[in-house]
Amino acid sequence: MKKRFFGALAVATALSPVAAMAQTEVQFWHAFTGRLGDLVKAQVEEFNASQDEFVVVESHKGNYSETLNAGIAAFRAGEQPHILMVFEVGTATMMSAEGAIKPVYEVMAESGASFDPDAYIGAVKGYYTTTDGDMLSLPFNSSTPVLWVNRDAMEAAGVDPDTDLSTWEKVGEVLDQLKAGGEECPLVTAWQSWVHLENMSAYHDVPFASKDNGFAGLDTELMLNGPVQVAHLSAMGDWAKDGKFIYTGRRNEGGANFRAGECALFTESSAGYAGISSEAEFDFDVRPLPYWEGVTAEPQNTIIGGASLWVMEGHDPEAYKGVGEFLSFLSSSDVQANWHQNTGYLPITAEAGDATRAAGFYEDNPGTDIAVIQMTAKEPTANSKGLRLGSFDQIRGIIDEELEAIWSGDKTAQEAMDSAKERGDALLRRFESANQ
Numbered sequence: 004m005k006k007r008f009f010g011a012l013a014v015a016t017a018l019s020p021v022a023a024m025a026q027t028e029v030q031f032w033h034a035f036t037g038r039l040g041d042l043v044k045a046q047v048e049e050f051n052a053s054q055d056e057f058v059v060v061e062s063h064k065g066n067y068s069e070t071l072n073a074g075i076a077a078f079r080a081g082e083q084p085h086i087l088m089v090f091e092v093g094t095a096t097m098m099s100a101e102g103a104i105k106p107v108y109e110v111m112a113e114s115g116a117s118f119d120p121d122a123y124i125g126a127v128k129g130y131y132t133t134t135d136g137d138m139l140s141l142p143f144n145s146s147t148p149v150l151w152v153n154r155d156a157m158e159a160a161g162v163d164p165d166t167d168l169s170t171w172e173k174v175g176e177v178l179d180q181l182k183a184g185g186e187e188c189p190l191v192t193a194w195q196s197w198v199h200l201e202n203m204s205a206y207h208d209v210p211f212a213s214k215d216n217g218f219a220g221l222d223t224e225l226m227l228n229g230p231v232q233v234a235h236l237s238a239m240g241d242w243a244k245d246g247k248f249i250y251t252g253r254r255n256e257g258g259a260n261f262r263a264g265e266c267a268l269f270t271e272s273s274a275g276y277a278g279i280s281s282e283a284e285f286d287f288d289v290r291p292l293p294y295w296e297g298v299t300a301e302p303q304n305t306i307i308g309g310a311s312l313w314v315m316e317g318h319d320p321e322a323y324k325g326v327g328e329f330l331s332f333l334s335s336s337d338v339q340a341n342w343h344q345n346t347g348y349l350p351i352t353a354e355a356g357d358a359t360r361a362a363g364f365y366e367d368n369p370g371t372d373i374a375v376i377q378m379t380a381k382e383p384t385a386n387s388k389g390l391r392l393g394s395f396d397q398i399r400g401i402i403d404e405e406l407e408a409i410w411s412g413d414k415t416a417q418e419a420m421d422s423a424k425e426r427g428d429a430l431l432r433r434f435e436s437a438n439q
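My numbering puts the first residue of the sequence shown at 4, with every later residue one more than the last.
Misleading hints may appear alongside valid ones.
[Unchecked claim] Cut-off 30 Å, straight-line C-alpha distance, at most; resulting in silico cross-link-like pairs (DSBU-like, lysine-lysine):
(1) Lys64 / Lys105
(2) Lys44 / Lys214
(3) Lys44 / Lys128
In case anyone wonders, no lab produced these hints; they're calculated from the structure.
Please model the entire structure based on the sequences and the hints provided.
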């Protein structure tokens, strides 16, 4: 797998800075555009201005999948960046890529940069560490799904915008009211698999996959076709049939509809705050992700999405010193607090969260602490720590196909999830065989 995935390399290519340059260059590839892209540029500019030894050069390489693929292709060609943003579903793949990555804990130790692994909040850190607690990549943009509410659309349809939306049973009643009140888009979603399967499973403390969702071994199997998942997707399928749930795409296509004021309810990342707060011309608020009261008296915890920063092998020690300094800068309390407040991403350190609360941000912006509470109120279980599955980007593609079959009425939820399990397990077995 390692040879097939990254290509056979006899010698790792070291990229040295141009001799004429006084500063050591650090290449940082990411997947952000728009408001998030602007904020990343500002972080890089602030770091570059804070010292004169290193210069970080940020480059947008497409969406998450495209950025990962660009990094793989660059490594094969010996032209890899120093830092590569990889979304959370690529974690198992990167962990298996021995010889391609340089673990963050090693980079920080060798660089001498300030680094305290215990400063990072457990729900985020655990996703990117070994079983021994060593951090392999640096959590960067971590989010969790919430429910966004267009208060104006609710009022226009004759629904109290302060109505209780804590459970899916209550959401179902409100969708009926919205539809009856003339709302053409009662509910829309982003990242359908992440929200309505991966997080829905964790939130109800049921397994998405065996072997502790893949954390306990490569010989994991999907369990996404269980009764809780099927019941939820069956309800979603009924809402789609009745025009109460409007499907717009696999990624975040629904975000444009919600920000334009076209939809009443929106299940999306907490990081939707960046775009919604800057673009929405309507009154909105944010609520916790709903749960099924018929399944559990209270929900467990949701899991993270987003990405972490992986350091690539094949560079010289001076460059890694710069990498360490930049990662330390990104983890500092002020930088993290500003990032959290501007984007809706989780503060990756407890100190940044405390600083945000002390500054009065949560009091001035009600609901912006919901994602933090939702992630940290309960100690994660084996079912809610997260997912670590090989080839998960491709498996998500399979899940998306099967979900679309439910929304269109071509398959029942049980048929679709049984098929997703069969097709996904085949990829897991292939990944296991290649990495034994």
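Against the structure, the hints come out as follows:
Pair hint Lys64 plus Lys105 holds up; C-alpha atoms about 21 Å apart against a cutoff of 30 Å. Of the supplied pair hints, the one linking Lys44 and Lys214 is violated, its CA atoms being roughly 40 Å apart against a limit of 30 Å. Taking the CA atoms of Lys44 and Lys128, the gap is about 24 Å. The hint holds against a cut of 30 Å.
Hint 2 from the earlier list is the only one contradicted by this structure; the remaining hints agree with it.
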